[in-house]
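Trainee: Residue strings, one per chain:
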Amino acid sequence: MSTQTPSSSTGSRWKSWITAQNIVVVVVLLLALVFPLVVDRPRFWLPNIGVRTLWMGTIAMSLVFLNRYVGLLSLAQMTFAGICSYGVGYFSVTMGWPIIPSIILSLGVGSLAGYVTALIAVRTKAIYFMMITLALSQVFYSWASQAIEVTNARRGIAPIPRPDLGFVNLNDITTFYYFALFLAVLSYAIFRYTAKSQFGLAIQGIKDSPERMSALGYNVNRYRTAALTLAAFVASIGGVILVFDRNQVDPSFVSLDATLNILVVAVVGGIGSLGGVFIGGFVFAMLQNFAQDFTDRYMTLTGLVFIGVLLFFPAGLVGLGPIIRRLFSKRAKTSASTGSSETPIAARRAGKNNKKGQHK
Amino acid sequence: MKSLLKKRLLPVVAIAATAGLVLSGCSAAGGGETKEIKIGVLATDKGNLAFGMDEAKAAIGVSMAAIGGTIDGGEIDGVPITIVYEGTDGTSASAQTAVKKLVENDGVDIVFGPVSGDEGETVVQYALTTPEVTYVNGSASPVGMTLAGADNFFRFHGDSAMWMGGLGDYAYNEKGYKKVYAIAEDYSFPYDNAGGFFSEFCAAGGDVTGNAWVPVGTTDYSSIIAQIPADTDAVYVGLGGADAASFLSQAVTAGVQKPLIGGTIAVDTTALSGDANIAEVAVGTIAGGPVPGPDYDSPEWQTFVAEYVKQPKAFPSPSIFSILYYNSFNSLLLALQEVKGQLGSPDQKDLRAALTALEWTSPTGPISLDGNRQAIVDNFLIEVVQGADGTLTTKQISQTSGVAQGTKTYDRFEGCPE
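Which chain is which? The protein sequence lines are A and B, in order. Going letter by letter, the first sequence gives residues 1 to 360 in the numbering used here. Going letter by letter, the second sequence gives residues 1 to 418 in the numbering used here.
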């Protein structure tokens, strides 16, 4: 499902918006909106689960966008977010500039980092692209760990208090949560819009057949560079949420662990689904907070959950929906063969499970 | 379209229901008011300081056993004490998650910990935002922690600059080192640790012939060893763990003839037990820190060591972490006993007054607090010696009493610290 057809009919415009994807989006959004009202300890749930889910999801979404629409797996998305976080810290705390220009400038710096990375990495693909982005992210990590004049080395820049932006006071945790939610939804909208735009169709074409698109006159590398820069911009939005969530920035933001966490979030949520990353982020945040209540070997538990998701839901947790649907559907066999978005393995498994059910 | 809609609606409802269940189920796991004292312990249980949790539990076990309790809790004057543990990986990120969970979700009255300096600086920042909770530090040692102005944060051990207390004078006056070259890891702990040494050494009249700040995990020291100027009297080694071991073995290979001065974690058992061939450079190394030499024999120390080794997962002898965690936790328990388990309100003022006024003789000497709620403690200078059987060990040179905190924090510096 790498390509999407733009809605053609103008008469049934409203109807065409009622898709499963949009319904999931609305339901998840409603849940996110009522989240602060239904949790009993907002001062714990909002920062540790809510806001964390949102920044992890936003950053992971930029990874998923590149993977799904451009066919490139970038391991530098956390680094772009971290660069933006560093920017906010450096401009607003070290330089003492006003907060709004600092944030805007930092978004620019994060995007610029994406652009520069693209210039270097865009001619490669598959594992080579992954290795180059990973290497560049590690270069930045090493630099951030040592550049005491800019990043304050290991100690990092702290404190970076949540500001009162004038029109909205982020000091209040509930307000900050909704601010983060707004940014996450905005990021999602940017990607959804881009995917359906001409530009989006072109990059999807490039993903499927770069040679053919090149023959048609498209400058493949330029399109990829633009897509990477856009993804870095969205990752930077995640970085803004992140830095005000943590109230500081230090090299652990851009460490290998942090990079891999984002990859895990993307895979658990569903590497092919823009919105699924928030489910992945939620599951990951829950594990980070509660896994050690059950076992001392909580890292192992997190790993097992990851392996379990990979084994049983190769399309990520968003792949769960179609699987459940098949379990209930009487026409499981036929729908498995005409199957839609998930991989053949998941479809086969769903079919098998259904067969077992029939025997009973 | 309709059937498609119907088919696709099912998973949506299922996901929504699951999410709803997860939310409601988990939020029920939250608080509940009790009249007990809940202490939340932060300690490292993964990463390169993964043994921190075991050492913390051993220390708390020794302390709680004295009042008839266990590592999970006990009772003071009829007030039950519950202790909950939260593991971290030594990074600021995990400490921030863990401390928020302890305070906001588990609803602890007192936070005890953390282990590493990176974590400590984060926890202090968080303490500033939660004045209703009292924080007692575990073993985090950055100087700035007790200078950040958090009235609810207490540290019952020295900072990493204080751990060098007396060593600069000793190196200059007793050992006669006039010029020292500095090699240290490039992060906050060695900044303060080396800053403590060199500020004293330079004030005594000493000079620095150069500083090499190396990334943590550096394994090749040959180019740095080659840079040591010929007119250097001694080399300061602000490295720890595997880095220190690598440096010592390469110093032997490269034929370094200069005597060494160790940072607090440079000449621990990891570095000394690694390779017997390092004897020619390691013997004679002087170092400072909160851990006394093996020949130290105060009665409080003997009692502590005897109790410590009975704890599950304890090392053959207490590490720096268990000593600091014990001194800190026992200070907290003594203050709780002082107020008979009544924390006082608002903001646990009785407990805080008792902590501030506390004076007791710990296994490593008398402990009291200064105006910044930072301990005034004894510090130990040790020297590496070779035992009769050829193994390397340490002997205590001196015990400096009443070492108090300075007023400045250190960053990476060139030459003498400013």
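Everything labelled a hint here was simulated from the structure, so no lab data went into it. Please note: incorrect hints may appear among the correct ones.
Not everything, but these chain B residues come out facing chain A in the computed CB check (under 7 angstroms) [stated by the list, open to error]:
1) 87
2) 101
3) 104
4) 105
5) 125
6) 186
7) 187
8) 212
9) 407
10) 408
11) 412
Backbone N, C-alpha and C define an ideal beta-carbon position, used for all residues, glycine too.
Trainee: Next, verify each hint and record whether it holds.
Mentor: Status of each hint after checking the structure:
A distance limit of 7 angstroms between C-beta atoms decides the matter here; for residue 87 of chain B the minimum to chain A is near 5 angstroms, and the interface restraint holds. Checking residue 101 of chain B against chain A: minimum C-beta separation of about 6 angstroms stays under 7 angstroms; hint holds. Because the beta carbon of residue 104 of chain B sits about 3 angstroms from the nearest beta carbon in chain A, less than 7 angstroms, this interface hint is met. Residue-level restraint check for residue 105 of chain B holds (minimum Cβ-Cβ distance to chain A is 4 angstroms; threshold 7 angstroms).
The closest approach between the C-beta of residue 125 of chain B and any C-beta of chain A is roughly 5 angstroms, which is under the 7 angstroms cut-off, so the hint is satisfied. With a cut of 7 angstroms, the hint placing residue 186 of chain B at the interface with chain A holds, because the nearest CB-to-CB distance is about 6 angstroms. Taking 7 angstroms as the C-beta contact cut-off toward chain A, the hint placing residue 187 of chain B at the interface holds, the least distance being around 4 angstroms. Interface hint at residue 212 of chain B: violated, since its Cβ lies 13 angstroms from the closest Cβ of chain A, which is beyond the 7 angstroms cut-off.
Interface restraint check: residue 407 of chain B against chain A, minimum CB-CB distance 18 angstroms, threshold 7 angstroms, status violated. A distance limit of 7 angstroms between C-beta atoms decides the matter here; for residue 408 of chain B the minimum to chain A is near 15 angstroms, and the interface restraint is violated. Restraint check, residue 412 of chain B versus chain A: the minimum CB separation of about 5 angstroms is within 7 angstroms; hint holds.
Hint compliance for this structure: hints 8, 9 and 10 are not met, and every other hint is.
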